[in-house]
Amino acid sequence: MKIDSIQNGIVLDHIKAGRSMEIYKLLGLDRLDCSVAIIKNARSTQMGKKDIIKIADRIDLNLDVLGFVDPGITVDIIEDGKLVQKKHVQLPEKLVNVLKCKNPRCITSSEPHLRSMFVLTDREKRVYSCAYCDTRYHR
Amino acid sequence: MRNLLNITDLSTGEIDELIALAEDIIAHPETYQDVCRRKKLATLFFEPSTRTRLSFEAAMLDLGGSVLGFSEAQSSSAAKGETVGDTVRVVCGYADIIAMRHPKEGAPFAAVQVASKPVINAGDGGHNHPTQTLTDLLTIHRERGAFRDFTIGFCGDLKFGRTVHSLVSALARYTGIRFVFISPEELRLPRYIVDNTLKRNNLPYIETTSLESAIPDLDVLYMTRVQRERFFNEADYIRLKDTYILDCDKLERAKPDLCILHPLPRVNEIAVEVDEDPRAKYFEQAANGKFIRMALIMKLLELSV
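In the order they appear, the protein sequences are chains A and B. With this note's numbering applied, the first sequence has no gaps in its numbers, which climb one by one up to 135 at the end. With this note's numbering applied, the second sequence has no gaps in its numbers, which climb one by one up to 299 at the end.
These are computed hints drawn from the structure, not numbers from a lab. A couple of the hints might just be wrong.
[Unchecked claim] The calculated DSS-like cross-link candidates involving lysine-lysine, where the alpha carbons are at most 25 Å apart (straight line), are:
1. Lys193(B) / Lys121(A)
2. Lys293(B) / Lys96(A)
3. Lys121(A) / Lys153(B)
4. Lys33(B) / Lys293(B)
Note that the structure is a prediction, hence the values are computed from the model and not measured.
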């Protein structure tokens, strides 16, 4: 399968196979006007198979979201068809307005305008806790 | 500016200071009677309470300050749909410090995002209740002399019992304390407390359903009420509410210096006959609540004598 390379934009590479649609939704890529290509199950020498997202525009990316979904992702910045910067993401300490607390007793469930906030409470197990009510969310 | 949302917002050193200050207030109340002159405490109680609200108000009055506020959501603008944040922002224009109770978990965290005055969490749903914990700690300290070398049993609703969660978090920071958790299967301590607090710190603990078998080993017994308001399903409440009733028969097997605590109000989980037993300390515990809150108000307002 052939996907045209982009001239100016961003390539999200080394996405664990099957996670690309989650990233697509969390980053709100459906709202973009530019071309966005999602490549699922691309062959990878390192990973066996992987997903890739290509965005034909230099948009502001929420790196925390990427780190939360998959800290192994790399972000390639492309200018004039050339790779000018490669960023590595990591598991973020805090997630703002990314997750919604599922605890019906949490104040964020009755006051939905509040900023949702989760903090990393167990890096090893990748557990985040709601900053309001401490409800845990396993990644 | 400091707030108190969770007991772990305070270091053990700060807790020791608060206890020492409360002890001094108990010994010399007249010294503190004007410390908060011209200061106002707002008690924002979106959920009914007797002890907590009245002890906060008595604390501020005994420090020479004034009190304003409401005692249920229906008598505040919350009934008109006002958010917690807006209510708190407005009240910060009227008061110097806020004590807030709310049925939703994390409501005080929402409050401190916009508050310009210190906020004290006076209970947020089944989540935290740090001033009850300070009250419990002061009582245990007065009875045992120190936070070490004792076995404490928690009995009843350990799932929704916020007083239990906060006290376990507080005591977990000391060494030489053994924990026994006595509850029906459905009301066991939440797993996140077991994992994050007990297991992570390698604290000795056991979980059991039998009060009778656990009671001989205990130095402190913390009884709790099964709270109707925490259940979505009334049938579950009816089925579980009478699981544990502490009476004089059960106390025959307990140590002579056992200290029996209860955050109150009780329904029937401690038989009235136990009140006459010298090991019953829950009314002293309620009285201690005023003194530790006096100490806390002084600390958060950065006042001293």
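Here's how the hints hold up against the structure:
At most 25 Å may separate the alpha-carbon atoms for a hinted pair to count; Lys193(B) and Lys121(A) meet this at roughly 14 Å. Restraint check for Lys293(B) and Lys96(A): not satisfied, since their Cα atoms lie roughly 35 Å apart, outside the 25 Å limit. Straight-line distance between C-alpha atoms of Lys121(A) and Lys153(B) comes to about 23 Å, which keeps the hinted pair within the 25 Å bound. In summary, the hint linking Lys33(B) to Lys293(B) is supported, as the alpha carbons are separated by about 13 Å, within the 25 Å threshold.
In the structure shown, a violation is registered for the earlier hint numbered 2 alone.
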